[in-house]
Amino acid sequence: MAAEIMTGHIEPAGTVEGLPGVVTDFASDKQAFPVHWGKAMMWIFLLSDTFIFSSFLVSYMHVRMSSTVAWPNPSEVFALSLGGAPIPLILIAIMTFVLISSSGTMAMAVNYGYRRNRARTTSLMLITAGFGAMFVGMQAFEWAKLIIEEGIRPWGNPLGAAQFGASFFMITGFHGLHVSAGVIYLVIVALKVWRGDFERTGNYEAVEIAGLYWHFVDLVWVFIFAFFYLW
Amino acid sequence: MSYVAIADQHAHMHDPQTFLTRYVWSQDHKVIAIQYMVTAMAIGLVAIGLSMMMRLQLGFPDTFHFINPANYHQFVTMHGMIMVVYLLTALFLGGFGNYLIPLMCGARDMVFPYLNMVSYWVYLLAVLVLVASFFVPGGSTGAGWTLYPPQAILTGTPGAGWGIILMLVSLAFFIVGFTMGGLNYVVTVLQARTRGMTLMRMPLSVWGIFMATILALLAFPALLVSAIMMALDNQLGTSFFMPAIMSLGEQTGHKGGSPLLFQHLFWFFGHPEVYIVALPAFGIVSDLISVHARRHIFGYRMMVWAIVAIGVLSFVVWAHHMYVSGMNPYFGFFFATTTLIIAIPTALKVYNWVLTLWRGDVHLTVPMLFAIGFVFTFINGGLTGLFLGNVTVDVPLSDTYFVIAHFHMVMGVSPVLVVCGAIYHWYPKMTGRMTSEVLGKLHFWLTFVGTYAIFLPMHYLGILGLPRRYYEMGDTYFLPDSVQSMNAAISVAALFVAASQLIFLFNLAWSLKHGKPADGNPWRATTLEWQTPETPPRHGNWGPELPVVYRWAYEFGAPGHKEDFVPQNEAPDGRVPATHGQASHG
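The listed protein sequences derive, respectively, from chains X and E. The first sequence runs contiguously to residue 231 in this note's numbering. The second sequence runs contiguously to residue 586 in this note's numbering.
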């Protein structure tokens with residue numbers, strides 16, 4: 001192995017046995033991963049972003065577990081009165097359904113992108129962005145309900161621990177910003193697809209890269225959903 | 001797949017023509033690197049000035065009436081924060097990372113030059129916000145660079161109004177800007193290397209910067225989150241970190257927050273930050289030692305794996321900064337163990353540096369002096385780390401001058417020595433001129449001896465129990481009078497060291513015009529940045545063809561060659577590389 005570094009001979013991928021072979025394959029020249037650099041960059045950005053959301057969620061768990069004041073019951077706080085009877089978690093169920101559906105339309109957009117079907121790719125991306133906008137709209141509705149009807153504030157909360165409002169608004173707000181940014185990003189890429197910007201190279205990876213971001217935002221929502229609404 | 005690997009793409013470089021696009025709004029990684037370096041060094045000078053104010057007060061209390069206790073704490077805070085984040089992180093990653101990664105990997109630029117440019121401007125914005133905090137009502141924050149709540153945002157702390165919020169905003173900008181640059185550095189190393197440049201042939205400088213950037217991308221999020229939460233505590237009155245507390249005789253509105261949570265978040269960033277500064281230094285110093293000792297680096301593979309191992313371990317040691325914080329005592333056992341395990345890869349690196357020097361053809365050039373100075377200082381600082389990593393020894397030494405001496409040796413002086421050595425080493429490539437050897441050696445000896453005069457005595461002061469961050473000691477029964485004379489001596493040494501940095505700056509400025517013209521490869525080094533067609537390299541770095549790499553970066557003294565080194569891009573048949581010498585380019 002040591003001789004290989006010095007003599008100029010590069011082993012073709014998959015020819016070195018055992019664990020050193022893994023190193024040799026990853027260490028191949030030109031590029032470590034056979035993907036467009038933009039996709040690699042998005043993956044690494046998402047890894048970094050994962051650490052941001054993890055820090056937020058771990059902090060939330062810490063303040064919730066160390067709180068001496070009772071935490072509001074999520075089935076009651078997040079309930080919505082429809083036809084006179086409160087239905088627990090109904091709004092959040094719809095929001096989650098909308099966001100998961102948007103991941104489906106995004107995956108279809110990626111598929112049509114690689115088939116170079118511009119019309120379908122554009123429309124599916126715009127539908128995805130529309131779902132995202134719907135999600136943010138419903139989130140605004142939920143915030144308004146918590147603030148106006150329940151009287152919950154970042155600094156206080158008539159139902160119990162003050163940290164409930166603080167961590168809820170901070171984390172869902174940060175996620176909402178991610179969704180809003182994603183909507184803008186999707187619309188931009190959709191317009192580029194429509195304009196035919198990617199026809200020159202025939203490379204529609206930009207759609208997939210935007211999709212990576214979108215699926216990530218969805219995935220983060222699943223964790224926020226689990227830790228805020230189901231705990 | 002219809003994409004083309006970057007190394008296989010055709011060159012379509014066009015030099016920007018106007019002064020503005022060429023030097024100001026430049027997307028060339030070399031210009032951005034120099035912008036980063038100049039900005040970082042400018043703000044670093046401010047930090048040196050602040051430390052001099054601290055030393056004046058400590059050495060000669062009751063003498064300087066313009067330094068009051070509030071100012072003193074502001075100086076401590078801003079000195080620490082600037083040095084760690086805005087100087088060293090920015091200089092190593094934004095400066096050397098930008099300059100060296102594309103050149104050493106054989107790329108024409110970073111993969112996303114526009115984002116790289118924005119990264120610098122956001123960094124500059126962060127620095128400007130930080131500087132602005134000196135001038136707002138109440139001045140900059142005096143919370144200590146660790147910004148521990150609750151005192152960081154209580155009204156009694158200097159800068160509790162504007163200062164702390166500007167600090168938090170500036171940090172957030174820094175993190176956003178750094179993330180833009182950092183993504184570029186990592187992806188360029190991974191995806192934009194030239195033909196033949198495998199990861200295991202990269203110079204150790206690139207390895208160190210690469211790993212440090214990964215650490216930064218994963219560690220800064222914790223700082224961002226804690227900055228956001230502290231800003232909310234401060235501005236909206238939330239209680240993430242703030243317990244129910246009395247401030248200036250009044251009950252604050254906070255209740256139920258956890259100050260310990262901040263410490264965990266902060267040090268989850270803070271400890272990797274030590275290695276964000278140290279790993280580039282490790283990498284660069286390996287290259288300096290190898291080139292100037294005309295000998296291949298000893299144990300290249302082990303050096304790479306040691307960098308990776310240190311990087312991974314640095315994420316599981318953070319609570320060794322918190323032995324006295326009141327956390328669960330059982331944590332101490334775990335974190336002391338992981339801390340001491342880090343000593344293994346670190347010691348391995350030190351042995352390998354020494355073994356590289358052993359029987360090498362050591363040239364005591366200026367960069368080499370700094371590199372050897374680094375090895376000495378790093379060993380000294382590392383040894384006291386063994387004291388502080390053990391809970392029982394750490395508890396009495398916590399918050400004393402011993403801690404100050406330790407971290408200044410290990411992550412203050414050591415990386416700064418590497419920064420200086422690296423600037424002397426790569427200055428000919430950046431400007432086309434050599435720096436003055438005489439001034440360089442003068443600068444080295446004053447700095448090296450001077451820093452020992454400052455920090456060695458501090459170990460003894462710390463063992464005596466002298467607490468850190470105190471404005472003045474007054475009459476303290478356990479401190480002998482000699483402590484004060486020692487402090488005065490340290491202050492004099494500190495003033496000398498600070499003044500000797502002016503020699504460095506003068507050398508850099510003077511050599512720009514009057515330095516001896518350098519040829520493309522004055523140190524006769526093997527790595528790619530010394531094989532560019534022009535010096536300084538122009539936009540796009542290489543001629544029409546990218547260099548092709550045939551060997552590792554440390555081919556010194558190989559038999560059967562005219563010279564005692566073989567450039568990485570020299571073909572096995574001895575053919576002169578296409579990009580070497582006067583290449584024509586269209």
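Don't read these hints as lab results, they were simulated from the structure. Please read all numbers here as calculations on a predicted model, not as lab measurements. Check the hints yourself; a few may be wrong.
Estimated spans, in silico, between C-beta atoms of each pair [to be verified]:
#: 1; chain 1: X; residue 1: 33; chain 2: E; residue 2: 560; range: 44 to 54 Å
#: 2; chain 1: E; residue 1: 25; chain 2: X; residue 2: 101; range: 37 to 47 Å
#: 3; chain 1: X; residue 1: 227; chain 2: E; residue 2: 544; range: 47 to 57 Å
#: 4; chain 1: E; residue 1: 465; chain 2: X; residue 2: 21; range: 49 to 59 Å
A virtual CB, placed ideally from N, CA and C, is assigned to each residue, including glycine.
Hint check results:
no., hint, in the structure
1, 33/X - 560/E: 44 to 54 Å, "37 Å, violated"
2, 25/E - 101/X: 37 to 47 Å, "42 Å, holds"
3, 227/X - 544/E: 47 to 57 Å, "56 Å, holds"
4, 465/E - 21/X: 49 to 59 Å, "56 Å, holds"
Checked against the numbered hints listed earlier, the structure breaks hint 1 alone; every other hint is satisfied.
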